[in-house]
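K.L.:
These are the residues of each chain, in order.
4 protein chains.
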Amino acid sequence: MSQTLNPAADDFQRLRDSFAQQTAMRTLGIEIHHIKSGEIELGMPYQTQLCQQHGFIHAGISTAALDSACGYAAFTLMPEDSGILTVEFKTSLLAPAQGEEFRFRGKVLRPGRQLYFSQGEAYALLQGEERLIATMSATLMCIQGREHIKN
Amino acid sequence: MSQTLNPAADDFQRLRDSFAQQTAMRTLGIEIHHIKSGEIELGMPYQTQLCQQHGFIHAGISTAALDSACGYAAFTLMPEDSGILTVEFKTSLLAPAQGEEFRFRGKVLRPGRQLYFSQGEAYALLQGEERLIATMSATLMCIQGREHIKN
Amino acid sequence: MSQTLNPAADDFQRLRDSFAQQTAMRTLGIEIHHIKSGEIELGMPYQTQLCQQHGFIHAGISTAALDSACGYAAFTLMPEDSGILTVEFKTSLLAPAQGEEFRFRGKVLRPGRQLYFSQGEAYALLQGEERLIATMSATLMCIQGREHIKN
Amino acid sequence: MSQTLNPAADDFQRLRDSFAQQTAMRTLGIEIHHIKSGEIELGMPYQTQLCQQHGFIHAGISTAALDSACGYAAFTLMPEDSGILTVEFKTSLLAPAQGEEFRFRGKVLRPGRQLYFSQGEAYALLQGEERLIATMSATLMCIQGREHIKN
Chain P
1 MSQTLNPAAD
11 DFQRLRDSFA
21 QQTAMRTLGI
31 EIHHIKSGEI
41 ELGMPYQTQL
51 CQQHGFIHAG
61 ISTAALDSAC
71 GYAAFTLMPE
81 DSGILTVEFK
91 TSLLAPAQGE
101 EFRFRGKVLR
111 PGRQLYFSQG
121 EAYALLQGEE
131 RLIATMSATL
141 MCIQGREHIK
151 N
Chain S
1 MSQTLNPAAD
11 DFQRLRDSFA
21 QQTAMRTLGI
31 EIHHIKSGEI
41 ELGMPYQTQL
51 CQQHGFIHAG
61 ISTAALDSAC
71 GYAAFTLMPE
81 DSGILTVEFK
91 TSLLAPAQGE
101 EFRFRGKVLR
111 PGRQLYFSQG
121 EAYALLQGEE
131 RLIATMSATL
141 MCIQGREHIK
151 N
Chain L
1 MSQTLNPAAD
11 DFQRLRDSFA
21 QQTAMRTLGI
31 EIHHIKSGEI
41 ELGMPYQTQL
51 CQQHGFIHAG
61 ISTAALDSAC
71 GYAAFTLMPE
81 DSGILTVEFK
91 TSLLAPAQGE
101 EFRFRGKVLR
111 PGRQLYFSQG
121 EAYALLQGEE
131 RLIATMSATL
141 MCIQGREHIK
151 N
Chain U
1 MSQTLNPAAD
11 DFQRLRDSFA
21 QQTAMRTLGI
31 EIHHIKSGEI
41 ELGMPYQTQL
51 CQQHGFIHAG
61 ISTAALDSAC
71 GYAAFTLMPE
81 DSGILTVEFK
91 TSLLAPAQGE
101 EFRFRGKVLR
111 PGRQLYFSQG
121 EAYALLQGEE
131 RLIATMSATL
141 MCIQGREHIK
151 N
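Residue numbers (full-length UniProt numbering), protein chains in the order written: chain P, 1 to 151; chain S, 1 to 151; chain L, 1 to 151; chain U, 1 to 151.
Check before you lean on any hint, since a few could be wrong.
Said to hold, decoys possible - The calculated lysine-lysine pairs, modelled on BS3-like cross-linking and capped at a C-alpha distance of 30 Å, are:
#1 107(S) with 150(U)
#2 107(L) with 36(P)
#3 150(U) with 36(U)
#4 107(P) with 36(P)
#5 107(U) with 36(U)
#6 36(L) with 107(L)
#7 107(P) with 150(P)
#8 36(S) with 150(S)
#9 150(P) with 107(L)
#10 36(S) with 107(S)
#11 150(P) with 36(P)
#12 150(L) with 107(P)
#13 36(L) with 150(L)
#14 107(S) with 150(S)
#15 150(U) with 107(U)
#16 36(S) with 36(U)
#17 36(U) with 107(S)
#18 107(L) with 150(L)
Hint data in this document are derived by calculation from the structure and do not stem from the laboratory.
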């Protein structure tokens, strides 16, 4: 049977399955918008229960989305049998996370044998206009041969 | 009249009020344990709905707690009429966030006129033992005279 | 007299004067290639006396160039009477700094009232080919009214 | 035969040999003060040729010393046949690098199988008083089995 009957296999199904297991993403209302090789976009609506003291989205929440974006961008390039762990990330908060909706884009800068360097950008949509509100620089690790870390 | 009649003033009430306005902290089940001048400890129980794909607490969730810990540690040293914003932070993920409970300690390294440098540490409690799982290095900004940023 | 008789004034002379005062740049053999509003490129030849233990340029040396690139990119957008200080930066080392020559590009992501966020990229030239070897994410501060910090 | 006949083996000779190959350290006048398992202190005198535009030591120079301090602290704990590479670091500049002399302390926070997390602190000595001027948070990688990276 031809592979085209199973489009999921081409549609980053392994990544989608892993993302679905991230209960934090569901709790925070973060979803996958697009995936391609080395890149991903996630989205999240504004939610009053995820704010800091001035009513902006808490920097840790944007960071959770950016971390997943940077990680899954790297995961698109990792071998089938590998798992992924975040080593570290830095978030720069360029502007308050104010908007009706947010987009988080992750992109691989350099895939290595074990270490992957990704870059993330968070955008707020305010009255239809997209504004860069945060950037992330992240290091991810590709894990192979450890039973409990296989995605 | 003795100051002891107004314990709240000594009890970082302004900080507690600001923390209570961080709806993200309530949603994530993060609470204040202790506060003293230049330092704070927050706590959070393990929660299945805040995990990444291997069942560990998502790095973004630990980061949200560390950001609040680093920020409020700085806030203890800021003038009465000031507000606080996070400029940037970096999180290093030393070990998986595995445990029954988590503690997040923030401490000011250097208070400046406008910029404060804080350092944070996240610990997991696993069978009663505390283990360092993440560190944060953060920059915070003290904001004065902007009407909508007053805590 | 027409301003065209004094082209230096349009040529970021204040920045060039400040750069010339950075004795570290001279010692490390780092020079300005191009400047435009919000962007700068610096260059440096390979030098055997600036290496780490495997003969690659030391990460601290690339970082010195990236810091100056990120800072001066921000400086192009700051008011005439202001000075600049670096708040913090993070360097990701994507590949060994191996090459005949190196280029360091700084770009402002967001100019604020006091804080500027810049991004830097370091490239190695190896047999004529440019390769991304490091990235920087930096925060800079615009200082006004302090006598000893006026560039 | 007594171990004192081979003091080098206890004296981190492999580390000292590697440090001696870092030509950048010699050029910058940076020397080893003390080494113990998981920790190192480096020192550097003030040098007018290593400054930024206000006459303070350039942040990249302090970073070069902190990077070597964080890396060699990790190297003390790595297997005999391994090499070390820096993955990334972040430097926070708490105060201007003003002083007669500087000390750079690196300490391992967590040694892993391949990744080591270190923390660094830079101090300025001004009229005999030590002042914390910068901190570093760094990730290092232990390399085994690559011929050209063996220290």
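K.L.:
So, for every hint listed, does it hold in this structure?
P.N.:
Structure-based check of each hint:
1. Taking the CA atoms of residue 107(S) and residue 150(U), the gap is near 38 Å; set against the 30 Å cutoff, the hint is violated.
2. Distance hint between residue 107(L) and residue 36(P) is fulfilled; the C-alpha atoms sit about 27 Å from each other, no more than 30 Å.
3. Only pairs whose Cα atoms come within 30 Å are accepted, and residue 150(U) paired with residue 36(U) is accepted, the gap being roughly 21 Å.
4. Straight-line distance between C-alpha atoms of residue 107(P) and residue 36(P) comes to about 10 Å, which keeps the hinted pair within the 30 Å bound.
5. For the hint pairing residue 107(U) with residue 36(U), the CA-to-CA distance comes to about 10 Å; that is within 30 Å, so the pair holds.
6. At roughly 10 Å between alpha-carbon atoms, residue 36(L) and residue 107(L) fall within 30 Å of each other, so this suggested pair holds.
7. Restraint check: the Cα-Cα separation between residue 107(P) and residue 150(P) comes to about 22 Å, which is no more than 30 Å; the hinted pair holds.
8. Taking the CA atoms of residue 36(S) and residue 150(S), the gap is near 21 Å; set against the 30 Å cutoff, the hint holds.
9. A threshold of 30 Å between alpha carbons decides the hint, and for residue 150(P) with residue 107(L) the separation of about 38 Å lies outside it, so the pair is violated.
10. As the CA atoms of residue 36(S) and residue 107(S) are separated by approximately 10 Å, the hinted pair is consistent with the 30 Å bound.
11. With a C-alpha separation of about 21 Å, the suggested pair residue 150(P) and residue 36(P) falls inside the 30 Å cut-off, and the hint holds.
12. In summary, the hint linking residue 150(L) to residue 107(P) is not supported, as the alpha carbons are separated by about 38 Å, beyond the 30 Å threshold.
13. In summary, the hint linking residue 36(L) to residue 150(L) is supported, as the alpha carbons are separated by about 21 Å, within the 30 Å threshold.
14. Proximity of residue 107(S) to residue 150(S) is assessed by CA-CA distance (about 22 Å); at most 30 Å being required, the pair is judged to hold.
15. Taking the CA atoms of residue 150(U) and residue 107(U), the gap is about 22 Å. The hint holds against a cut of 30 Å.
16. The straight-line distance between the Cα atoms of residue 36(S) and residue 36(U) is roughly 34 Å, outside the 30 Å bound, and the hint therefore fails.
17. The suggested pairing of residue 36(U) with residue 107(S) holds, with an alpha-carbon distance near 27 Å, which does not exceed 30 Å.
18. Taking the CA atoms of residue 107(L) and residue 150(L), the gap is near 22 Å; set against the 30 Å cutoff, the hint holds.
Against the hints set out earlier in the document, violations occur for numbers 1, 9, 12 and 16.
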